[in-house]
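2 protein chains.
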Amino acid sequence: MKKLVLLLTLVIIGCGKAEKSIQISSKTKPVKEVIIDSLKHPWSITFLSEDEALVSEKDGDLLKVNLSSKKKKVIKGFPRDLTDSIRVVWRGDNSGIFEVRLHPDFKNNNFIYLSYAAKKPGKGSTTKVVRATLQNDSLTGIKTILEAGPFTREYFHYGGGITFGPDGKLYITIGERLFKEIDEPEMPIAQDLQDKRGKIYRLNPDGSIPNDNPDFGDDAVPGIFAIGIRAAQGITVHPETNKIWFSEHGTRQGDEVNLLKAGANYGWPIITTGGYRSRDYVPPTIEGATYANPVWYWQHTVAPTGLMFYTGNEFPDWRNDLLVPGLSRGSLWRFRIENDTIKSAEELFIDDRVRSRKVAQSPEGKLYMLTDEDNGKIVRIKNDTL
Amino acid sequence: MKKLVLLLTLVIIGCGKAEKSIQISSKTKPVKEVIIDSLKHPWSITFLSEDEALVSEKDGDLLKVNLSSKKKKVIKGFPRDLTDSIRVVWRGDNSGIFEVRLHPDFKNNNFIYLSYAAKKPGKGSTTKVVRATLQNDSLTGIKTILEAGPFTREYFHYGGGITFGPDGKLYITIGERLFKEIDEPEMPIAQDLQDKRGKIYRLNPDGSIPNDNPDFGDDAVPGIFAIGIRAAQGITVHPETNKIWFSEHGTRQGDEVNLLKAGANYGWPIITTGGYRSRDYVPPTIEGATYANPVWYWQHTVAPTGLMFYTGNEFPDWRNDLLVPGLSRGSLWRFRIENDTIKSAEELFIDDRVRSRKVAQSPEGKLYMLTDEDNGKIVRIKNDTL
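Protein chains in written order, with the UniProt record's numbering: chain E, 1 to 386; chain C, 1 to 386.
No wet-lab data here; the hints were simulated from the structure.
It is possible that part of the hints are untrue.
The following residues of chain C were derived to be distant from chain E, with all beta-carbon distances above 12 Å [said to hold, decoys possible]: (1) P30; (2) D37; (3) S38; (4) V74; (5) N109; (6) N110; (7) E147; (8) F179; (9) D215; (10) A264; (11) Y291; (12) A345.
Here are the simulated distance ranges between beta carbons [claimed, not checked]: (13) E:T140 - C:E240: 23 to 31 Å; (14) C:T241 - E:Q135: 53 to 61 Å; (15) E:D352 - C:G165: 47 to 55 Å; (16) C:D206 - E:N320: 49 to 57 Å; (17) E:D352 - C:D137: 36 to 44 Å.
Far from chain E, by Cβ distances over 10 Å, these chain C residues were calculated [to be verified]: (18) D137; (19) P150; (20) F151; (21) F164; (22) H300; (23) E346; (24) E347; (25) V354.
None of the values given here were measured: they were computed from a predicted structure.
Idealized CB from N, CA, C, for every residue including glycine.
Construct all of the structure, not just a fragment, from the sequences and the given hints.
Written out as structure tokens, the structure reads:
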């Protein structure tokens with residue numbers, strides 16, 4: 001808001017040069033400015049104020065950072081069942097700390113939500129979501145909201161995306177955890193209603209099950225809202241339609257943007273817009289099943305992650321557009337959406353090629369991005385023409 | 001210019017609502033409006049005035065159209081060696097009328113330039129460029145500028161793109177005309193300096209050879225400016241750098257945007273960013289050859305055609321961006337360019353999916369697009385938010 005008013009003032013004061021002012025203001029030039037570095041693969045950021053934010057490091061800690069003073073502080077009391085890092089063995093390890101989100105009424109109840117890879121000695125790991133009370137830079141009163149077992153030895157595709165819906169419910173993405181489709185059981189994990197993995201959940205903020213969830217039958221895992229998920233991370237709410245959108249990784253291509261619908265089956269591994277890791281994998285047929293199509297899929301690998309609808313003022317032309325960062329190509333995608341379909345798609349920062357985990361917006365609308373690097377960064381995306 | 005002034009007036013008058021005005025003006029919403037239809041696969045358009053334009057129909061005539069009254073008039077006297085249509089046999093036929101461009105001093109000399117597929121009885125066809133005088137809606141004084149023989153039975157990849165460079169010279173793209181790489185001679189056509197096909201030419205406006213062209217040796221075809229071209233159609237000049245850009249079709253993917261450099265070898269068929277139509281084709285090695293990389297290539301098929309740098313006022317954020325329509329996916333691509341590299345790429349009109357042959361701009365900066373259809377159209381691209 002401040003920026004627009006300032007801009008307008010310039011336009012009005014400088015009437016003689018007004019035309020030039022308008023043109024300059026209208027030609028966007030997104031540029032990056034590193035605000036904080038030395039983060040261990042930051043995964044999520046949520047703002048406590050315009051300058052203070054909680055940042056989860058996938059390979060590190062939950063931090064409180066000050067974007068002005070650049071100070072970082074480790075939040076104490078993180079759940080002790082966080083997986084030990086095994087990424088010294090192989091860099092493909094997906095485990096660690098994932099999402100951090102505030103309860104909508106955080107100011108009064110101090111509740112935050114965290115997802116992470118939890119370990120069980122001798123068993124492996126699984127995706128876990130907890131609620132905690134944040135006080136004096138420490139977590140207390142940790143309560144398990146969702147534990148998406150079984151615990152297994154695989155360390156892929158945890159999911160872990162969390163958002164609050166417009167209905168005040170928690171929406172959580174859980175990946176199917178497999179690396180190769182040939183390891184699927186006869187009824188594939190993401191299609192198996194008795195398996196917690198490969199699903200999207202809708203829960204009350206205290207972890208209980210809403211009574212208006214879609215009906216997947218009596219034998220289904222409680223809380224399931226949608227099935228057929230391979231590796232979804234980013235999940236967010238459209239500011240005008242209030243519909244929920246999520247990103248999903250494919251195997252060979254097949255990266256998607258989806259619109260979340262109650263009771264939908266997103267098809268993995270029965271159908272995919274890409275290929276399979278094992279080229280000779282033949283998925284089973286599931287009688288009677290119907291599958292939701294993605295709103296968008298890429299024909300090359302992008303690895304889309306923590307997406308967001310932009311509602312800031314700094315890039316007026318991006319208002320309500322969906323921003324999707326990618327790990328593989330390292331660019332930022334901007335989608336113009338009308339009537340739940342994608343009208344245009346822009347790939348930004350084409351020649352930067354840095355793994356990008358998430359975009360987020362400050363309370364005043366400043367746009368930030370997290371880079372997934374050993375020396376991970378919080379980058380501000382500024383409009384150089386304003 | 002008129003639009004911007006109007007907009008500014010609104011902003012200043014409505015100071016109380018100024019913030020809203022700015023936001024509205026800044027959020028672009030490109031929409032299409034059909035201006036003229038019933039064109040037979042229009043290929044090129046060049047403006048005589050804000051309302052009048054010459055339009056070449058690939059499968060029809062050279063026309064004069066009035067964009068206000070919607071009247072069309074056939075320009076008489078088109079060269080008689082224009083190929084007969086064989087597209088009743090197969091729709092893949094590329095032959096017909098291609099580019100129409102005005103001489104920079106058209107107002108005084110009435111010269112226009114045309115490219116088309118010319119026939120020779122019993123021999124086949126080739127790409128030909130002529131200069132003609134346009135008077136009373138007829139062509140007279142036709143002079144051959146370039147005839148890119150040999151005449152062959154193949155009816156693909158004529159090229160035919162024409163632009164005037166900032167140096168006042170004619171730049172012309174000629175395709176290599178083959179459909180399958182396995183039909184290449186030992187020295188591939190586009191690499192053979194004694195073959196006119198698969199090259200970009202630089203000529204004086206009267207067809208003579210400039211004495212400052214790059215030196216390809218005494219045996220080379222006169223007028224060659226660059227080699228290694230497969231199927232380039234669109235060619236245009238950057239409004240600030242004055243550098244020339246051109247589009248090129250690949251076989252399996254490999255569609256490219258290139259920056260034209262004197263003496264460069266664009267590599268076809270020795271190297272490509274895509275694949276070959278014949279998957280087992282192995283190109284020869286040419287000793288000592290070096291190849292220019294494209295500025296951009298797509299990883300899926302786009303079939304990029306008549307590209308243009310936008311300099312209008314209606315989309316201020318697109319100023320000096322490269323617009324590239326595509327035949328295959330039917331969308332319009334917008335590239336932001338800095339220092340001769342592409343910083344961002346936007347795919348517009350994603351769900352329209354109509355074959356698009358060329359974008360062009362009126363003298364006052366209105367943006368138009370030609371659709372490659374049996375019922376071909378001139379479409380105006382308007383900014384719905386202005």
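Do the hints match the structure? See the list:
Non-interface call for P30 (chain C) relative to chain E: violated, since the shortest CB-CB distance, roughly 8 Å, does not exceed 12 Å. No Cβ of chain E comes within 12 Å of the Cβ of D37 (chain C); the nearest lies about 23 Å off, and the non-interface call holds. Every CB of chain E lies more than 12 Å from the CB of S38 (chain C), the least distance being 27 Å, so the non-interface label holds. Every Cβ of chain E is farther than 12 Å from the Cβ of V74 (chain C); the closest lies at roughly 37 Å, confirming the non-interface assignment.
Every CB of chain E lies more than 12 Å from the CB of N109 (chain C), the least distance being 35 Å, so the non-interface label holds. N110 (chain C), annotated as away from the interface, keeps every beta carbon of chain E farther than 12 Å; the closest lies near 35 Å. The beta carbon of E147 (chain C) sits about 40 Å from the closest Cβ of chain E, which is more than 12 Å, so the claim that it is off the interface holds. Here F179 (chain C) stays apart from chain E, with its beta-carbon at least about 24 Å from theirs, past the 12 Å limit.
The beta carbon of D215 (chain C) is kept farther than 12 Å from every beta carbon of chain E, the shortest such distance being approximately 33 Å. Under the 12 Å C-beta cut-off, the non-interface status given to A264 (chain C) relative to chain E holds; the minimum distance is some 21 Å. Under the 12 Å C-beta cut-off, the non-interface status given to Y291 (chain C) relative to chain E holds; the minimum distance is some 21 Å. A cut-off of 12 Å between C-beta atoms contradicts the statement that A345 (chain C) is not in contact with chain E; the least separation is 5 Å.
Between T140 (chain E) and E240 (chain C), the C-beta spacing of about 60 Å breaks the proposed range 23 to 31 Å. Taking 53 to 61 Å as the suggested C-beta distance range, the pair T241 (chain C) and Q135 (chain E) conforms, at roughly 58 Å. About 32 Å separates the C-beta atoms of D352 (chain E) and G165 (chain C), a value inconsistent with the hinted range of 47 to 55 Å. With their beta carbons about 55 Å apart, D206 (chain C) and N320 (chain E) fall inside the hinted range of 49 to 57 Å.
One distance hint, 36 to 44 Å for the beta-carbon pair D352 (chain E) and D137 (chain C), is violated here, with the actual separation near 53 Å. Here D137 (chain C) stays apart from chain E, with its beta-carbon at least about 39 Å from theirs, past the 10 Å limit. For P150 (chain C), the non-interface assignment is confirmed: its Cβ lies about 38 Å from the closest Cβ of chain E, beyond the 10 Å cut-off. Every Cβ of chain E is farther than 10 Å from the Cβ of F151 (chain C); the closest lies at roughly 38 Å, confirming the non-interface assignment.
The non-interface label for F164 (chain C) is consistent with chain E: the shortest C-beta to C-beta separation is roughly 27 Å, beyond 10 Å. Not every Cβ of chain E is farther than 10 Å from the Cβ of H300 (chain C); the closest lies at roughly 4 Å, contradicting the non-interface assignment. The Cβ of E346 (chain C) sits about 4 Å from the closest Cβ of chain E, inside the 10 Å cut-off, so the non-interface label is violated. Non-interface call for E347 (chain C) relative to chain E: violated, since the shortest CB-CB distance, roughly 5 Å, does not exceed 10 Å.
The non-interface label for V354 (chain C) is consistent with chain E: the shortest C-beta to C-beta separation is roughly 14 Å, beyond 10 Å.
In summary, the numbered hints that this structure violates are 1, 12, 13, 15, 17, 22, 23 and 24.
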